[in-house]
Structures are given as C-alpha cells and as structure tokens.
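There are 2 protein chains.
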Amino acid sequence: MIDRLSNWGTVGLALAIFLSLLTMAAAGQDGGATQKATPQPKKLTYAIAIHGGAGSNPKRFSDAANKRRRNSLEKALRIGTEILKSGGTSLEAVEQVVLFLEDDPQFNAGKGAVFNAASSHELDASIMDGKTLECGAVAGVWTVKNPISLARMVMTETPHVLLAGSGAEAFATKMNVPRVKTSYFDTQSTLEAWKRVRAKMGDNGKLGEPNQILEIATGSYLGTVGCVALDQTGNLAAATSTGGMTNKQFGRVGDSPIVGAGTFADNRSCAVSCTGIGEQFIRNAVAFNVSAQMRFRGSTLDQSVQNVLQNELKPGDGGIIAVGHDGSISMRFNTSGMSRAAADSSGRFEVLWGNPSDSNKLP
Amino acid sequence: MIDRLSNWGTVGLALAIFLSLLTMAAAGQDGGATQKATPQPKKLTYAIAIHGGAGSNPKRFSDAANKRRRNSLEKALRIGTEILKSGGTSLEAVEQVVLFLEDDPQFNAGKGAVFNAASSHELDASIMDGKTLECGAVAGVWTVKNPISLARMVMTETPHVLLAGSGAEAFATKMNVPRVKTSYFDTQSTLEAWKRVRAKMGDNGKLGEPNQILEIATGSYLGTVGCVALDQTGNLAAATSTGGMTNKQFGRVGDSPIVGAGTFADNRSCAVSCTGIGEQFIRNAVAFNVSAQMRFRGSTLDQSVQNVLQNELKPGDGGIIAVGHDGSISMRFNTSGMSRAAADSSGRFEVLWGNPSDSNKLP
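Residue numbers (numbering that gives the first Met the number 0), protein chains in the order written: chain A, 0 to 362; chain B, 0 to 362.
These are computed hints drawn from the structure, not numbers from a lab. Don't be surprised by glycine CBs; every beta carbon is placed ideally from N, CA and C. Careful, some of the hints might be misleading.
Stated by the list, open to error - One side only, chain A facing chain B, incomplete, derived with CB under 10 Å:
# : residue
1 : A169
2 : L190
3 : R251
To be verified - Only pairs whose alpha carbons sit at most 20 Å apart, straight line, appear in this in silico SDA-like list of lysine to any residue:
#  : chain 1 : residue 1 : chain 2 : residue 2
4  : B       : K173      : A       : K130
5  : B       : K144      : B       : S118
6  : A       : K180      : A       : M200
7  : B       : K84       : B       : G346
8  : A       : K313      : B       : S165
9  : A       : K130      : A       : Q95
10 : A       : K313      : B       : T131
11 : B       : K313      : A       : M154
12 : A       : K180      : B       : G346
13 : B       : K173      : A       : A117
What the hints assert, rightly or not - Counterexamples of contact, computed for chain B against chain A with all Cβ distances above 10 Å:
#  : residue
14 : S61
15 : T142
16 : N288
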C-alpha cells in the first residue's frame, strides 16, 4: 500500500514535468531564444514601429543625406507617439505617420515615388484595422497626393478592399481628396536611379530575378514606408505606402497595396508592414504569414518575423516591421539595411538603420 | 531496489502516454474526425478539383439550366483529367480547364462576366505553380478574351506577379493575345442580375455588408471559376478567374487575382482556389490560410479548409476547393451551394452542387 502511494507520487512528478513541457511547446519552440533576442517590457500601453524602406547600406550615402533621412524618421516617430500617448487610435497613428512620410521626397512614397517603365509614377497604399480586419487599399494611382488617406476611404466609404488604376482615380475625384500633377512626384534622385536601371534592363525587359532590380537600383534609397502601432485600447493597425519598384512595368502592382502580403493587422496576433521585392512578399503572403506563425504555430512575434525572413524569403528580399498585441516590436531584414524607428510607453524611442548587430550606431 | 525498478516502470508508462499525446497534438486536433470525413485513397498519381462558383441553390434554377451547367463542368473535368492522365503538368491542366470555363457564358469569368457599376466588365485572374511559387495575375482587364492565359504570361514573361488595368491591357497588346470588344462579355442573365442589384444599392452606394451584394444577386449564378490539380510528377497548381461581383465599383479588385487570397499553390502543402465575397477572402488571406494551417498547425487538408470556413470566414462568404500534395481533395462552402467537380487516378469522377450532405444528388 505504501509502495503504491510512492509509485503514484513518482507518476505525479512525471505528470508535472510533461505538462510543463507541453506548456513550453505551446509557447513556441524557440520561445527562450526569442526572449533573449528581444527582452519584453512588463506592461506596455502603446507601441509603434516605422520603416522607411529596406535597401542600401547607409555607408553608401553622404552623412548629410543620412542625417536628413534620420531626422525625418525621428519626426515621423514623434507624430505617431504623440497620437498614441494622447489616447488616439492606432489607425490614426499609422495613417498620420505614413502621410507625413509620403510628403517627404526622401522616401519612395507620395512625393519621391520612383519612376515606372513609362517614365511616370503609379502609387500603391493600404491600411488595416486589427480590431475588425476592415482594410482598404489603392493601387496604381497617379494624381493622388496621399494614397494612404484614399486607402482609408476605400475601407470606410466602400464595401470593397482594393481599388486600382482609373477606378481608384475616379474614387479620388468622388472623395474630393487633394490631387497633384503626376510630375509633382518627380525628384532628381529617383530620375537618376531610373536611368541607371533602364541602362541595364531596358524597357519592360524580362529579368531572370526581380532581385536584379534591387541590385541595379542600389545607390538610391528603396524607401517604401510603413507603420504599425498598438494603441491604449489594445487595438493594432498597420499601413504601407510606396511608389513601387524603379522601372516597374506599367500597371505592375506590388505587395504594398495587398492586404496579407505587404500589410496585415489582427488583434489576435500582430500588425505587420513590409518592404522589399514586392513579388516575393506576395508569393509568400508575408504579412499574413507572420500572423499565421503566431496563431497556428505558437511562435513569438520576433520568432515569426525571423522564420519568414530566413525560411520563406531569400537573402536580399527585404524587411519586416511588426508589433504584437502585447506591445513587443520586431524590426528585421535580410538586406544590407533598413531605415526604421520604434517607440513605446516604456520610454523607448530610437531611430535605426544598419544590421541589428550594429543597429545602435545611428547614421 | 525492486521497488525502485517498479517505480521507474510506472514512470515509463506515464512517459509513453504523454509522448503519444504529444504526437496526437502535432498531428492536428481533429485529425481523427477528418479521416472519417474524407477517407484518403492509398496512392494517387494525379487529382483535380474544379469550382464553378459558390452561391445559389440549384433548386432556384430550371432543370434545363442546371443540366447545361452540369454538362459544362463535366466537360471541364474531362479536359483536365485527360491532360493529367497523359502526363501533362498541373499548370497546363488548371489553365486549360479555366480557359474552357471562361469561354462558357454560364460562368462569371470571361464570356458571361458580370457587369460592374459602370455597366461594363472588368475581369480578374491568377495562376500559381506550387513547385516554384512562381505566379501571375491580371486585374481589371476589359478586352482580353482569356484573362487566365494573360495571367500565365505575367508569370513567364515579366519579373512581376500582378498587372492591373491599362497596364495589363498594354501587356495584352505586347503579348498579342486574343482580344474582344467589351460587349462580347455581355449576357442577358448578368444584365438582369445587375439591374436587380442596382435597384437596391444604386450607383457605387456604400453597403453595410458586402454580403448584401451576394444576397441581392441571389437568383443569378455567382460563377467565379477555379481549378486545382496535382500532376504525376507531384507538382501542384491553382488557377482562378472571375468577372468579380455584380455592380462592383469601377476599379474594384477582388480576391481572384490576389495570390494568397483567391489562389495559392505550394508543393509543401496544397493548391487552393476560392469563390465568394472577395473582400472577406482578402481580409483573411484565405488561400494561403489553408496552406498555413497545414504547414504551421499540422492540420489535414480537409480540416484546414473547414477551419477557415467555420472559424475565419462568416456564413455566406463563399467556398474553397483544394488538393493536397497527397492527392486528397477538399471542396467545402458556407453558402447554399457550390457547383464543383473532382476526379483522381483512383477513378473518382464526379460533378456536385448542393450541400455535402446531399452532394451526390446531382442537379
């Protein structure tokens, strides 16, 4: 009888051990490693992350150019942080941050959008509300000063998610948003980048790998912009805006206006914004992929972002920023750099660019 | 000492029990249930599934209309099956099946595409190769007789994935594909459906729920078409083509041309084609979602399709067809019906429509 009891005592011990193993498994295989990688603040009431595009290494550019770019990202971060700190919604924060960067010619979104193969501009943007999964996007607009705001109107003023081309322009007229001549988007640096690319790939020429576009364009910023945020009510939102890829074929739509590819937000998991070779991000449904790894595999936010960059995408494809429902932030990339910024209610406030290893060395 | 050993024996038993529990968890919660739902053939060398759109119940239509529709799906299934049986690729099979259905005015794709709010037609299509994740898509074309073939050319002849609107039309000219006047797509039944919808929602009116469009349009077929296939070399492919949603806003892009939403194929998991409320399928990245549940959660194909229809989408949103890398087929929907067909190397060859419960009662 006493032996029986002692047996059951030992079994109980085995039970406890395996239940704890099960719990760890549910928390994601590499949970431990991730904790080390990004120590989580205890209780964050808001958090925000911004990217100004994955691409070239800051060392390629003048200190003056890097400083101007850094200052803009810091201003954008301040705009978003103020909205969240004062109780604004994450949806408002991501729209206002992206709108500010669209108006800055240093980034490939709004003013400063790259040239397409028709020596014109076609702009894409999308926005998503993680509370309702409502979302809106526009693709291939050419006279809309701020595509991100039109994308938000697609979400709120139509039963649709994505409007493209002439239909999106017609909707802009109906919504009476600020319009510009297409030439408004021109800048000297995007024109030079376009000439470099055309010298190598010509007019709509077939490329073996889209990545070649990225390599050829190196020397210009690849400045798609995006923002993800968690607000004080616990709601997540994401927004992305871009001019696309230099010398892209007329009518080409990349990942930025595709919910699930370039942008995604779901209060059950995270908010995500991507930058890089749009085609690769569509093929791998990257923004949703990060959320799916959290929900279906139990990976942490940072582990999910790393999994996608290392196992789903190819080196040089681009970068991802994401904020979790707990306010944790992940900003990673497999290019030589990604201009980015992050802030949260713990007082974190930083603008970064290079590899995570030397990410604290600001340009 | 002997007591010690008996202790360890009992611990070993506990070990075995919990390890088997872990294995069951890894195999997907309802693995057992799924096996019951769809018994898997032992070794399939090829498999194919087709949908002709989720939507109205066959009881709403004349026997003659239902019979015509059934015969077309049977012809399409024969076309795809012959290609696969004779060693053709899954990519060729899905393109040829969808092309055949695009030319059939009974379906909302190619000839027979619905009217948009501008009383015109804008067609969307996409195709994906599960071996390479290469894919191509076109959105909002209006003079291209077979959008699915142009989508395949985007995949093979450009570095891009998606071309929209005027850019896609310009690409069609460059590729010299068969063109038609937009009025070629007109049919009497789609014109009547459009008038019914406009009588209720007017011109581009905001709807509370996109589902209302589906309900208002009830009485007409909602015949987006799609095909998924596994070929004898073990490669998966998927293709989808549609005219979109009746009275959709000019420029509206649904899920059919969005890789990850309406179409997805990955040899590691499955090939998927969707039909229904495109906006809902984009919000939930439905086609990739099915693949992600298999890869990240370990669910079976049929369980993944059920999970998405029951837990991610809303009743009435639409339907999904999918084929797994093992040749298993899942065809499910949360509407009153979905015209569909399936065949495989075991000799299965069937055309279905109503609810799975009475799915063997052919119209």
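Hints versus structure:
A distance limit of 10 Å between C-beta atoms decides the matter here; for A169 (chain A) the minimum to chain B is near 6 Å, and the interface restraint holds. At a threshold of 10 Å, the smallest CB-CB gap from L190 (chain A) to chain B is about 21 Å, leaving the interface hint violated. The criterion of a C-beta within 10 Å of any C-beta in chain B is met by R251 (chain A), whose closest approach is roughly 5 Å, and the hint holds. Of the supplied pair hints, the one linking K173 (chain B) and K130 (chain A) is violated, its CA atoms being roughly 44 Å apart against a limit of 20 Å.
Straight-line distance between C-alpha atoms of K144 (chain B) and S118 (chain B) comes to about 18 Å, which keeps the hinted pair within the 20 Å bound. Simply put, K180 (chain A) and M200 (chain A) have alpha-carbon atoms about 28 Å apart, too far for the 20 Å limit, and the pair is violated. As the CA atoms of K84 (chain B) and G346 (chain B) are separated by approximately 11 Å, the hinted pair is consistent with the 20 Å bound. Proximity of K313 (chain A) to S165 (chain B) is assessed by CA-CA distance (about 31 Å); at most 20 Å being required, the pair is judged violated.
Between K130 (chain A) and Q95 (chain A) the alpha-carbon distance is near 19 Å, which keeps this suggested pair within the 20 Å criterion. Of the supplied pair hints, the one linking K313 (chain A) and T131 (chain B) holds, its CA atoms being roughly 13 Å apart against a limit of 20 Å. For the hint pairing K313 (chain B) with M154 (chain A), the CA-to-CA distance comes to about 18 Å; that is within 20 Å, so the pair holds. Only pairs whose Cα atoms come within 20 Å are accepted, and K180 (chain A) paired with G346 (chain B) is rejected, the gap being roughly 61 Å.
With a C-alpha separation of about 14 Å, the suggested pair K173 (chain B) and A117 (chain A) falls inside the 20 Å cut-off, and the hint holds. Annotated as non-interface, S61 (chain B) keeps its C-beta farther than 10 Å from every C-beta of chain A; the closest such distance is 31 Å. Non-interface status of T142 (chain B) relative to chain A is upheld: no Cβ of that chain comes within 10 Å, the nearest being about 14 Å off. Residue-level check failed: N288 (chain B) sits 7 Å from the nearest beta carbon of chain A, not beyond 10 Å.
In summary, the numbered hints that this structure violates are 2, 4, 6, 8, 12 and 16.
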